[in-house]
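K.L.:
Read off the chains here:
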Amino acid sequence: MIKSELVQRIAERNPHLYQRDVENVVNAILDEIAGAMARGDRVELRGFGAFSVKRRNARVGRNPRTGTHVEVQEKSVPFFKTGKELRERLNEGS
Amino acid sequence: MRQNLTRADLTETIYPIVKTSRRDCAAIVDAVIAEIVETIAVGEEVKLSGFGSFVVRKKAERMGRNPKSGEPARITPRRIVVFRASRLLKARVSKAVPS
Numbered sequence: 029m030i031k032s033e034l035v036q037r038i039a040e041r042n043p044h045l046y047q048r049d050v051e052n053v054v055n056a057i058l059d060e061i062a063g064a065m066a067r068g069d070r071v072e073l074r075g076f077g078a079f080s081v082k083r084r085n086a087r088v089g090r091n092p093r094t095g096t097h098v099e100v101q102e103k104s105v106p107f108f109k110t111g112k113e114l115r116e117r118l119n120e121g122s
Numbered sequence: 002m003r004q005n006l007t008r009a010d011l012t013e014t015i016y017p018i019v020k021t022s023r024r025d026c027a028a029i030v031d032a033v034i035a036e037i038v039e040t041i042a043v044g045e046e047v048k049l050s051g052f053g054s055f056v057v058r059k060k061a062e063r064m065g066r067n068p069k070s071g072e073p074a075r076i077t078p079r080r081i082v083v084f085r086a087s088r089l090l091k092a093r094v095s096k097a098v099p100s
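The listed protein sequences derive, respectively, from chains A and B. Using the working numbering, the first residue of the first sequence is number 29, and each one after it goes up by one. Using the working numbering, the first residue of the second sequence is number 2, and each one after it goes up by one.
One thing to keep in mind: the hints can contain errors.
Said to hold, decoys possible - Okay, the calculated beta carbon distance ranges per label pair:
hint, chain 1, residue 1, chain 2, residue 2, range
1, A, Pro43, B, Arg23, 17 to 23 Å
2, B, Asn67, A, Arg93, 40 to 46 Å
3, A, Asn91, B, Glu46, 15 to 21 Å
4, B, Gly65, A, Glu40, 22 to 28 Å
5, A, Asn85, B, Thr21, 42 to 48 Å
6, A, Ala86, B, Arg79, 21 to 27 Å
7, B, Arg63, A, Pro43, 17 to 23 Å
8, B, Pro73, A, Gln101, 36 to 42 Å
9, A, Arg87, B, Arg23, 21 to 27 Å
10, B, Ser54, A, Lys103, 17 to 23 Å
11, B, Lys48, A, Gly63, 17 to 23 Å
12, B, Gln4, A, Gln101, 22 to 28 Å
Just so you know, the hints here were simulated from the structure itself, not pulled from any lab data. Values in this document were obtained by computation on a predicted structure and should not be read as measured data. All C-beta atoms, glycine included, are put in the ideal place defined by N, C-alpha and C.
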């Protein structure tokens, strides 16, 4: 499912909403989550999961094509931890 | 400084867009999240351009260890959600300092 399909499905289930509004809502939600992570904040959505930011130390990497060493600077990366409810739903009966 | 964003914040985010009651806005936020969750729950991939994608992967059974007692333990086969951030999201987050 891609974003446009997500918008379409939500609009179908909610006939009182304009599809264009749903599109703006989906974009605003994703942008707000990304913005929170860009500030280093956590985003916790019950039933879904939690988005957070993890620090990665500087390291010496290697260009896989040429084999030369390159310094990789310290950076932060986005991280998602699946919520309990979703994790359990994916593993029902096992 | 805020450190944890929740559904309540997202409700405020969309309030100016849909111009309806906060209760309706909260329901819309829930609907968006539920649609994503339901799709992942049936094993379908969710790709949100500019944000990232959620994929369900199967993990085989393996032997692990009970970290407390040190005893070997069987880890059952399971399905996990893998989130892969888009290039854009990685770029936005790279300079962030975790709070």
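K.L.:
Please name the hints from earlier in the document that this structure breaks, with their numbers sorted from lowest to highest.
P.N.:
Violated: hints 3, 4, 6, 7 and 9.
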